[in-house]
Amino acid sequence: MLKKFFQAFRPTETPALPDPDAELALGALLVRVAQSDRDYQLEEISLIDRILARLYQHDAIEAAKVRATCEKLHSAAPETDTFGRLIRETTGLEERLAALDALWEVVLADNNEHEGEVRIVEDAYKAMGLSYADNEAAHAKALAKMAADHED
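Be aware that the sequence shown starts at 743, since it is given in our numbering, and climbs by one per residue.
Keep in mind that a hint or two might mislead.
In silico DSS-like cross-links for lysine-lysine, where the CA-CA straight-line distance does not exceed 27 Å [to be verified]:
1. K868 - K814
2. K807 - K887
3. K887 - K868
4. K883 - K868
In short, the hints are calculated from the structure, not lab data.
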């Protein structure tokens with residue numbers, strides 16, 4: 743009886759998710775990296791919001807809404823390389839390099855490089871058409887940014 747009562751207040755259909763564009767694909771990858779260690783922390787969530795705001799000129803509320811959509815996309819999501827290919831096909835080199843930088847920022851948000859997170863980044867950079875050297879440079883850049891942030 744209680745089950746029927748609660749079901750009466752739930753929507754019968756889940757709203758359709760938007761088709762991902764490069765922004766949503768990157769957001770979903772950021773969420774995927776953050777959730778891959780099964781420890782989705784507030785620091786990672788707020789970092790994803792800041793990254794989306796920085797890269798796509800959102801205010802804090804818009805960035806949080808985009809991230810929430812990305813969380814849903816990630817849950818229902820295609821493989822990591824599908825998101826990476828979408829980013830490769832719809833953005834230029836600079837945007838792809840910025841996306842890779844952002845992925846490494848999220849990996850390092852908890853000061854620990856989990857194997858699952860690193861594997862997602864490796865799949866993503868290859869699918870985005872970036873090189874091993876690009877990946878190493880992005881990793882080094884994120885480490886330097888993290889070190890600078892901890893000095894402040």
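Going down the list of hints, with the structure as the test:
1. With a CA separation close to 24 Å, the supplied pair K868 and K814 stays within the 27 Å bound.
2. The straight-line distance between the Cα atoms of K807 and K887 is roughly 26 Å, inside the 27 Å bound, and the hint therefore holds.
3. Simply put, K887 and K868 have alpha-carbon atoms about 23 Å apart, close enough for the 27 Å limit, and the pair holds.
4. Between the alpha carbons of K883 and K868 the distance comes to roughly 18 Å, so the proposed pair stays at or under 27 Å and holds.
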